[in-house]
Each structure stands twice: as C-alpha cells, then as structure tokens.
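Using the sequences and the hints, build the whole thing.
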Amino acid sequence: MSHVSKRTPSSAWRHIFIIFMILFALFPIYTVLLSSVNGTGALATGSLWPHTIVFKNYTKLFNDASIPFLRWVLNSVVLASLNAVIGVLVGLFASYAFSRLKFKGRKNSLRLLLLIQVFPNFLALAAIYVIMERIYHVFPSIGIGTTWGLLLVYLGGSMGANAWLLKGFLDSIPMELDEAAKIDGASASQIFWLIFLPLTKPIIVVTTLLTFIGTFNEFVLASIFLQEVKARTVAVGLESFVGSDFGANWGAFAAGSVIAAIPLVTLFLSLQRYIVGGVAAGSVKG
Amino acid sequence: MHKLFGGKIGLAIKVLILLSVTGLFSFMAYLALLKSEWIIAGVLIAIVLAANYIYLNPRPVAGKFLLPGVILLILFMVVPVIYTTYMSGFIYKAGNIITKEEAIHQIMTNTGLQPDANNTTYDMVLGTVGSQYTVLLTDQTTHQVYEGINGVATKMSPGSYHLNADGIADSVPGFKAYNDAQLANADQQITDTKESLGDNKYIIAQDANTAGLFIQTLIYDAKTNTLHNPITGATYIDGGKGYFVNRDNRTEQILPGWRQPTWFSNYTSIFTNAKLRNPFIRVFIWTFAFAFLTVIIMFGFGLVLAIALDKKIKFRNFYRALLILPYAMPSFMSILIWAGMLNRDYGSVNALLGHHIDWLNQVWLARGAVLLVNLWLGFPYFYLISTGALQALPGDLEEAAAIDGASGSQIFWRIKLPLVLQILSPMLIASFAFNFNNFNLIYLLTHGGPTNVLAGETAGGTDLLITYAYKTAFATNDQNYGLASAISVVVFIIVGAISMWSLRRSKVLEDMR
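In order, the protein sequences belong to chains G and H.
Using my numbering, read the first sequence as starting at 2 and increasing by one per residue.
Using my numbering, read the second sequence as starting at -10 and increasing by one per residue.
It should be emphasised that the hints constitute simulated quantities derived from the structure, not laboratory data.
Among the hints, a few may not be true.
Unchecked claim - Simulated crosslink set (DSSO-like; lysine-lysine; CA at most 30 Å straight-line): (1) K(-3)(H) - K103(G); (2) K24(H) - K231(G); (3) K183(G) - K144(H); (4) K89(H) - K144(H); (5) K3(H) - K202(G); (6) K89(H) - K460(H); (7) K(-3)(H) - K202(G); (8) K183(G) - K(-3)(H); (9) K231(G) - K460(H); (10) K105(G) - K300(H).
Following this line, the structure appears as structure tokens:
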C-alpha cells in the first residue's frame, strides 16, 4: 500500500517478467502442437512456424494396427484411476489412525513410514521382479507382466505417499468435533465415515488427482513390468515412438501427447481451485 | 445415515466383506498349496487370520484402519527393500544369478556334458515295456542297437530285436511303441531321456526321433565340494567368488557361476575399486549439486513470480492459469518434448536462437539443460507454495517495518524472505529429496549422458546416483544387481538421513497430540 508512488515502473517490470515466464511455459506446448500437425514426422523441423497443417499423425494413431494407442490410453486410465482411488482410501484410513487414534508405537510407525517412503521402489526392481514372478506362477493374472500386478506394486507405495499428507490435513480438523461425536456414542468407524470423510473432500480431490497424474507419468516400473506392446501404458507406448522400437517418430509422439494431455490438463485446470488451495494449505502448515 | 453405519446393516456389510475376503484368500491359498508355493499360501493364510482377528475383535481400533495399508506396504515395499539389502551382500550379476545347487545342476547337465568326438547319433523309438518308459536306439553308423530303460542303456544282440524297412530297431519282445497321441505328450520324458553306457558316457535324446552320445567331462563330488574332469584329470575348486576354478590355474572358470555371499565387498568396492570409485564420486557430487541448485533456482523463480503476481495486477487469474500449465502437463511427456526441442539438428530451441548448439552432448551444456528443463517442470509448484506462504505473512508486517524506517529491499531481504524460507523449509527439503532421486528427468532427457563410452565410462555427465544404480543393474552387459543394490542402499541411507533430520527440525512429531 505504501508503494503507490513506485507503482508504474514496478508494474511494468512485473508484466515483463510474467510475460517472459508465460512464453517460457508455453514454448514446449506450442512446439508439441506444431509437431503434431507437421507432415514430416520430425519435431517442428527446426522452424517455428507451420508450413502446412496435416492430421496424418493423428489418424495414424487410430488406424495403424501396430500401434494400439487406444489400448494404451485405456491401460493408463484404468491403472491410474484404481491406484488413485484405492491408494487414497488406504492412505486416508491410515492417516485417520495416525491422526486420531492412540496406539503403541505411533510416532515410530510414522517415522518408519517416512523412511521406507524415501526408498525408491523401482530400485528394488530385481526383488519386485522375483516376487511377482512367483506370484505369476500361481496366479498368472496378477503376476509379472500384468496391469493388476503393477497396480499391486504401486499400491504398496500408496500408504507412505498419502498417509503423511492426509494426516497433516486431518490434524487441522478440530478435536472437539470427534469428542462431541464420541459423547453422542459414535464409534471410531462412524466418526470416520460420517464426519471426517465429508470434511476432507477438498484434500481427497487434490490427493486423488495428484496420485492419478503421478501414476499416469510413471515410467520405469511400467516399462520393465509390461513387456507386451498391448499391455503398455501411454507413457511407455509414447516413449517407444521416440526411443528405439519405432525409430524417432516425433509426429506420432506429439499427436499422442496432445490427445493424452488434453483430458489431464482440462481436469487439472477445472479443479484448479482445489489444487491451489491444497498446495497452499500444505505450505503454511510447516 | 447413522443407522446405516452403526446398526445391523453396518454390521452386515462388515461381515459380508470379511466373509468374501476370507473365502477368496483361502481359495487362493488352496491354489498356491496345489502348486507347492508354501510362502504364498502362508502369506495369504496369515492375511486371512489377521483380518479376522482384527475385524472381529472390538479392541484394536487402530488396527482396523491400518491393516489394508500395512499389508500392501509390507508385501510390496518392505519385503523388496529387505531383499535388496540382502542382495547387496552377494556377488549377484549376469552369470552369477542362480544358487550354487542350481549352478552345479547346470554344470552337470550342460557345461560338463560334451558330445563325443565322432558325433555319434542314434535313431530313437519311444515306447513302453510293461509300464516302464523305454527307448530303442540304433547307432546310425555301426547299426548297433541299445535298449534304454530307467537311465541305463543295454547292448542288444542281433536277432533279439526287429528292424523296420529303414534298418531301425522298432520292436523287442514286450515293447509297445508310442502312438501319435502319446508322442504328443512325451516332451518331458524326451527331455529327461539320459541313458548311461558306463564310463561316463550317456545317450541323450535330441528330439523325438534322435539321440546323441555325450561324455560327462565334469563330475561333482559333494564330499570335497569339487568338480573333477575324468578325461584331463583336472580338479576344479570353489574359488570363493561364485565360480568353480581350476585348482592349478585359478583364472580358468567353469560357467555358470552362482550368487556368492560376500558381506560388504560390494560396498567396499565402491570406494576401493578405482573403476567404480571415480565415477561414483563424480556422480555423487553432481547429484548433490543438482538437487541443491535446482531447488534454489525453482524456488527463486517461483518466489519472484509470486511477488510479481501478488497484488492487484490485471489478468491475474488468466496469467495464473497459463503459468501452471507446465504443472498440469504429464511430466514424462514434457521431458521427452524438451529432449526433442534441445536436439542439435531439428530442435526448436536452436531454431529460436538461430544457433547450432549440441545441448545434450556436452557435459556442461547438458547439465544446464537438465536444470533448465527442471525449472520449467517445477516453477509452477514453487510459485503456488510461495503464494501461499506470502499470504500467510501477517498483513501489517510491511507497514510496521516501513514505519521503523526500513527500505523496500530491506523489508524483503531481512524480513519477508527469512519468514518465507522458514514457512517453506519442509517443502524445500522434500523437494531436495525428490530431486536427489529425480530419475524420470535424467533418464528421459539425457539417459544420464553424455557418456564417453569409448573411454570406458559407465557414468555420464548428468547421471544421478539413482540413474547410475539403475544402469549398473539393468543397462550394462554386466547387470550387476549386487553392486546396484549396494548403491541403492547408500542412496537410501543418504536420503533417509536427510528426511529424518528435516523431520526432527520441523518438530512435526514432537508437536503431535
């Protein structure tokens, strides 16, 4: 308020910086859009303007029998949705126990959880491989090479990833609320389902969305776990366009990226209010 | 609503879920038992017992909420971590994957079994005598006939067998040849057909119609734990490094090897073996530098942006929507796009600059590129949390400081920045830990490169510890799981220590109710 006199130059400086950052943010997005309508299959062919606009990269994704693109999208969506919903629910259960219930070793369990969480689980890949191979031997549908097996591995990390975050939010809900409910004779599970679940809606939305995006982006485990072309996720499938399998086919990659990104970005922007609130709330709790 | 969860219906739902889980898992345990997978069956039964105990018992309330997460965590997180740590104590790499028993078995049935010098081949007819699996073998050169039963081949005298039109023995008294249906199911029997001729010679089936003569050149003696070659007379002893080696010439190894316990040698080799130590130290330093620098840069840009967008500025919401787009884009995609954009020949960055720079193939440029791309990916998040932190500052702070005579820049550097840093320190530390292990960024953008393969380098200029470990385990010819596990454990200890330290600093647990 006291800077009114300086406002004009400062405001110009702000706009320049902001516009510079916006151009920086949009440049790759523009490039990928440009490449997706480029007929040569290269990444924007070293030019910043489109010469001709063609849609063959898009049609190729849906017509080429060797590219089961829709299958990849489906695999990713199924995997990411299930991991997000089940993972957040499991994390929510755990965080409720950590936030509200008294039990022996609570602090140490929380410490241990944080510690296990920082072990990147794909470095245990060889171990995971051995375990899932044995499971495959008995139950072929949930072992190595299957979406369900990969889901189980993802879910193994969900408690560590979500419990801490959600606990932070649950801690901010006043104790008086559940104490009053307890006096009314409510059990722990009633308090959880009837009081906490509705109150945590914003943070549930944020964590579910972030878990969904995180799973959608996961590359390492999926690329080693899912060998068959049909079983791949979008991330692994699209990488193969610019990796070795198909040669560097940037056009198809760009088109696939645009198709895969549109629903995610739409979802993200439409839930922006929740995300900004959730992320900002997380920042002031430390 | 209350009735639904508290009353009989709630109980019914609970019992129903518990019953179906019990039924399903018991059935799965039964299937596992049928295949003699004791561990899997045991785990499933343990889950059923734990679930029933915890959910039927009113007392362990916390257990009811923790059980599903704990089971998943133990099976797919804790067990792999423990197994990885265990593996780091072994020589465990390509050529040393199997156990010693399996290795001996393979040596006996593969390596130590050589075809004889004349490549003697037999025509083979499968069948049974009584109920006993039997093969009739006719030497293609000498036409001598053998009957193979129960692992022993016996010479047959002429006249005791019947020859078919091709001169192959196809019947002896009591012998019943396999029909087509039996032949179709005889794969395992054919694989197992190994009939001894004495003198370490064996007739071994090659396919359904032929067999060959093999000589056992390596024989395992369990008492002395040695291999013996009856032809050359050489003796091979357990060299202690996962191989049988010639007693008189220790460089001569018998393949395959096995995984050999070595305690800490994988760890010590990181620090003593110059070929491992030099890249490790370089990667170690770069990992710290990268994680530190990238957090500072992202935070710097995020904070300045938050300040720039702080107050009444036109189009604020519109700007914000555009600025958080990088956060909304799937990151694996963005990284790959950047990899293409930074390409020397067709990348749009060079097109924009009008230069011909090979961004990803020179060490320092590649490191700069990694920081630049991570800035793109991360600044929106830091912008958001910085905005949150700035809004959490007391509103009259600035005015109070101004009244005390502080200038604008003093207010920022001396008052606002320290407060914002304090508020955001948990996020900054978490981001440091995340970027310390930022596998996707490095692997998809540079593959850890540039790597001077000609100079025999295994680590590239932008490799982080985690990509280095991954390459060690999965991308080199060596596939050194033991060493990779050791590096993983080292990474784990470093990041774990940082996390514990920051946890203590932030006093989250001490403040816990």
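Consistency of the hints with the structure:
Restraint check for K(-3)(H) and K103(G): satisfied, since their Cα atoms lie roughly 27 Å apart, inside the 30 Å limit. Note on K24(H) and K231(G): the hinted pairing holds, with a Cα-Cα distance of about 29 Å set against a maximum of 30 Å. Between K183(G) and K144(H) the CA atoms are separated by roughly 89 Å; this puts the pair beyond 30 Å, and the hint is violated. At roughly 36 Å between alpha-carbon atoms, K89(H) and K144(H) are farther apart than 30 Å, so this suggested pair is violated.
Our distance criterion of 30 Å between C-alpha atoms is met by K3(H) and K202(G), whose separation comes to about 24 Å. The straight-line distance between the Cα atoms of K89(H) and K460(H) is roughly 26 Å, inside the 30 Å bound, and the hint therefore holds. Taking the CA atoms of K(-3)(H) and K202(G), the gap is about 27 Å. The hint holds against a cut of 30 Å. Annotation: proposed proximity of K183(G) to K(-3)(H) holds, straight-line Cα distance about 19 Å (limit 30 Å).
Straight-line distance between C-alpha atoms of K231(G) and K460(H) comes to about 26 Å, which keeps the hinted pair within the 30 Å bound. Of the supplied pair hints, the one linking K105(G) and K300(H) is violated, its CA atoms being roughly 48 Å apart against a limit of 30 Å.
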